[in-house]
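Asker: In order, the protein sequence lines correspond to chains R and A. Okay, so the first sequence: first residue is 293 according to the numbering used here, each after it adds one. Okay, so the second sequence: first residue is 293 according to the numbering used here, each after it adds one.
Keep in mind that a hint or two might mislead.
No distinction is drawn between identical chains; accordingly, a pair holds when it is met within one copy or between any pair of copies.
Claimed, not checked - For lysine to any residue, the following SDA-like pairs were computed, each having C-alpha atoms within a straight-line distance of at most 25 Å:
#1 Lys-638 / Gln-375
#2 Lys-638 / Arg-460
#3 Lys-638 / Arg-463
#4 Lys-733 / Ser-386
#5 Lys-638 / Ser-560
#6 Lys-638 / Phe-687
#7 Lys-733 / Gly-365
#8 Lys-733 / Gly-696
#9 Lys-733 / Ser-353
#10 Lys-733 / Leu-706
#11 Lys-638 / Ala-458
#12 Lys-638 / Arg-462
#13 Lys-638 / Thr-465
#14 Lys-733 / Gly-707
#15 Lys-733 / Ala-434
#16 Lys-638 / Glu-355
Quick caveat, the hints were computed from the structure, so don't treat them as lab data.
Number of protein chains: 2
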Amino acid sequence: LEQVHLGYFDWSTSMPRRANPLPLALPPRDRHTPAQRWLYDAVRTAILERRLTVGARLPSSRELALSSGLARGTVVAAFEQLQAEGYIESIRGSGTRVRRVLPDDLLQAPRSREVGTVSAPRRRLSRFARRARPFAPVRAEAPRAFRPNEPALDLFPAALWAQLAARRLRRATWSLLSGSPALGYLPLREAIAAYLTTSRGVRCTPDQVIVVSGTQEALDLSVRVLLEPGDRVCIESPGYVGASRVFEAAGLRMLPMLVDDEGARPPSARNARARLAYVTPAHQFPTGSTMSLARRLAFIDWARASNALIFEDDYDSEFRYAGRPAPSLQGLDPHGVVLFSGTFSKVLFPALRVGYLVVPLDLVDRFAAVRSLATRHNAVLDQAVLTDFIVDGHFGRHIRTMRGVYAERLTTLLGAAREHLEDWLDVTPIEAGLQIAAWAKRPLDCARLVTLAPASHLELVDLGRFSWDRSARDGLLLGFAAVDPAEIRRGAAALSRLLASFAGSARARPRSSSASKLIR
Amino acid sequence: LEQVHLGYFDWSTSMPRRANPLPLALPPRDRHTPAQRWLYDAVRTAILERRLTVGARLPSSRELALSSGLARGTVVAAFEQLQAEGYIESIRGSGTRVRRVLPDDLLQAPRSREVGTVSAPRRRLSRFARRARPFAPVRAEAPRAFRPNEPALDLFPAALWAQLAARRLRRATWSLLSGSPALGYLPLREAIAAYLTTSRGVRCTPDQVIVVSGTQEALDLSVRVLLEPGDRVCIESPGYVGASRVFEAAGLRMLPMLVDDEGARPPSARNARARLAYVTPAHQFPTGSTMSLARRLAFIDWARASNALIFEDDYDSEFRYAGRPAPSLQGLDPHGVVLFSGTFSKVLFPALRVGYLVVPLDLVDRFAAVRSLATRHNAVLDQAVLTDFIVDGHFGRHIRTMRGVYAERLTTLLGAAREHLEDWLDVTPIEAGLQIAAWAKRPLDCARLVTLAPASHLELVDLGRFSWDRSARDGLLLGFAAVDPAEIRRGAAALSRLLASFAGSARARPRSSSASKLIR
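Using the sequences and the hints given, assemble the complete structure.
Answerer: What follows is the structure in structure tokens.
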């Protein structure tokens, strides 16, 4: 790098003036950098790199202006800034000098452009951070067959959303820009309470509704408020990985509950010491079964008897293709033992990051306190636009429209599966949701199969990764909502070819590593 | 309530058919309720209220259709729904019966409209939740003089923001609606890194930037990743309450660092065992002092020597009225011991809930993992609009505009204080920020004074509430950004009258209760 000389700096630290002045090399001035900024940066860097030592005297602003060709005002302003920030000091009778109070050892440390590269410090991480594993890496590409857990984003009425947002912003009031209570924007909490009461059989007032960023925050918040490391929690097996990530990071001991056609089996006597059970009664993830009333009541009985709580994840309940939506487990609970949670990620779009958590009245204040110091509250504009979307009737309309779209896609998938996949997969009939469990009719190494899917432009998910015990069955989770019928048909044909070529090499699926983390 | 009879239900639980049928009273049908829904609800309620006991036989759908005048298809559909949900079962040779497996005791529990009112359960809360105290209750009303910590929201270009949002939504791509990585929307992280490098002297790449919902989430996240209950943290005194709330809830021991004209004093040898120091070097909250270079270097030295970390809250650094913004402490750190945090709450608007946290490279993955399971990521549309706002140059323009506005308001406050408040208050000269510390010239019970402020349409904040030790001085925090010059002048005159009437009654301010929580 070409360097320029900027006058003579007195490197000595003794008091007499003009002793042994030496030239100081400074970096060249970039055309885009203002002179004052460049001079400031150059001198500061020289000080920090110890090319100008503590106590060294700087030339006067007049001398420097002359030698550098800069305006004297520019030099004075740069020096004032350096002085204000404590790099240099003006001592009567001794001129301007690099401050003596700078700790020498720090100044001798080599500089680097990147923080952390000079010396990698010994890090002490919390136990929580050491246990935390990343969850749900973002998908960088638009969906192919059979991506699960994603709605048809191309059909979301983004223009309508933009209109509602513009209307809110045109009338932007002080309150829209200032903030909301920790529990959320009150009109949205009212709209959610009305929706949940009517459509989900939830018994709640708006006071019990907490607007959160989604199921993940609802779970994390609940664990922080209610549990301690070492506590036991019951989790469905197969079940939702996002929940297991929270429990694992919190240092909880996970007890698997097996799932059958009636949903999860309530904790046994042996599991009576668990403090919380996480369930998906409306539409079990990933098997799709709906929890029977008997099971629901047994869960409530268990929770009451054990002084435990139930976390009801009302996952994908909105999209039901047969029968009437089963009312929530929370609505059956007269004891206040159920936390009820849902999200707008699937009904609207995941990037919105708005969901809800309904808690028993006596717990509201504790949740509010924790939320207020952790994330404060959700963005208010999003909450206001969502309120309008619900109250103006667009929400109900959108759900009905999408239910029709998804029903057609489900029919397409079932037809294509009959045509192409019947030899391999037993596709579970489902009544609700955006995906379907396809169980292998013979042993199939699905963990390996899914690694071969991208070459066939397929997205496959191994059902085995959701099991926390050794009872896992071979199978695939097939999403049908995110892509159109043509892509579903292409996908089924491609999967059929992939299965045929994979056939000979199928082996027993290796055990999932997560299973070993659970109590048996 | 008027009740209707719907045929005859067999209340016996014995197997023979048609034994002792009795009428069952069902609630009247609302005109707006579809027949199927009404029948379903009525029978389900009767089961849950034990008016239909377990094992009781229901009439056949044919009988029920005849007796009720409903279409048979309606009755069949309602029964199918009840069966699907496990309320009733069809037993060959025995007709349709209420399921036997319902736990009796639960069904006998009285029903209530409100969850949690039947029996208030004994709650077991986490230690974290028991320590958590609510922070920053939302302000329900538009600001009066002298509300601190709030920008001039009426001057935010909401229409421009709406245009940017509409432009994004018109072209709404799959990726805008689907989600972002846990660390944030990459173009925003790039824009923030460029801004921080240029304007704040932060040394970072976009990889180190985490988009969070604000300083509060940045603090909470950092504590969760790095600290354990019982660890010691150093906190400025007087200092930011939001930080103390996080530390307190996490069970940390807080060591106060006194603040003077050069900012916070670095931890003493006695405090060397602290694992983190929280500082506001650019503009100390609430005193307004800027940390000297010597102090900054001493903090870095302390952190390196103690294997501790520094949390730099770059609070209100954007609005500087004198001198050039002091570069960040993070930019002086070659060791990777500084976490740097800031927020768009004051520069743009608080309801946006977007801020940033810059962490050393080797810690990025741990923060990402924790974020992915806790709140996933911020809403993507807000991040995209903010990116456009920055990249299109509106951000820089808005800061310059507002700096002019706030400089005028600061001048107005200083003038009004000279005119009205000089007998009472010593107003600190500040170079940056949205508020000013006004120290009492004689003993003044500010805790009591602020309770009298609303009657004078004033918003006053007692500086004593920010002190974590017994060194607190009497004074008020006066915000000048949120209201216009006329309101500032009115406020100063009103405060002068309030102080005069309060004069005789001034007493020593009672100790803040939070002070007792700290180690001395």
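Asker: Can you give me the call for Lys-638 and Ala-458, within, between, both or neither, at a CA distance of at most 25 Å?
Answerer: both (24 Å within a copy, 22 Å between copies)
Asker: State whether the alpha carbon distance between Lys-733 and Ser-353 is at most 25 Å within one copy, between copies, both, or neither.
Answerer: Intra 86 Å, inter 38 Å, cutoff 25 Å: neither.
Asker: At most 25 Å between CA atoms: does that hold for Lys-733 and Gly-707 within a copy, between copies, both, or neither?
Answerer: Within. Shortest intra-copy distance 18 Å satisfies the 25 Å Cα cut-off; inter-copy 84 Å does not.
Asker: For the identical chains here, do Lys-638 and Arg-460 meet the 25 Å Cα criterion within one copy, between copies, both, or neither?
Answerer: both (24 Å within a copy, 21 Å between copies)
Asker: Within a copy, between copies, both or neither: which one fits Lys-733 and Leu-706 at a CA-CA cutoff of 25 Å?
Answerer: within (16 Å within a copy, 81 Å between copies)
Asker: With identical chains treated as interchangeable, where does the CA-CA distance between Lys-733 and Ser-386 reach 25 Å or less: within a copy, between copies, both, or neither?
Answerer: neither (91 Å within a copy, 36 Å between copies)
Asker: As a check of your reading, is Lys-638 near Thr-465 (CA-CA no more than 25 Å) within one copy, between copies, both or neither?
Answerer: between (30 Å within a copy, 16 Å between copies)
Asker: Which holds for Lys-638 with Arg-463 at a C-alpha limit of 25 Å: within a copy, between copies, both or neither?
Answerer: between (29 Å within a copy, 21 Å between copies)
Asker: With identical chains treated as interchangeable, where does the CA-CA distance between Lys-638 and Gln-375 reach 25 Å or less: within a copy, between copies, both, or neither?
Answerer: Classified as neither; 57 Å inside a copy, 28 Å across copies.
Asker: With identical chains treated as interchangeable, where does the CA-CA distance between Lys-638 and Ser-560 reach 25 Å or less: within a copy, between copies, both, or neither?
Answerer: For Lys-638 and Ser-560, the Cα distance exceeds 25 Å both inside one copy (33 Å) and across copies (53 Å).
Asker: Can you tell me if Lys-733 and Gly-696 fall within 25 Å by alpha carbon in one copy, between copies, both or neither?
Answerer: For Lys-733 and Gly-696, the Cα distance exceeds 25 Å both inside one copy (30 Å) and across copies (72 Å).
Asker: Can you give me the call for Lys-733 and Gly-365, within, between, both or neither, at a CA distance of at most 25 Å?
Answerer: neither (84 Å within a copy, 37 Å between copies)
Hint compliance for this structure: hints 1, 4, 5, 7, 8, 9, 15 and 16 are broken, all remaining hints hold.
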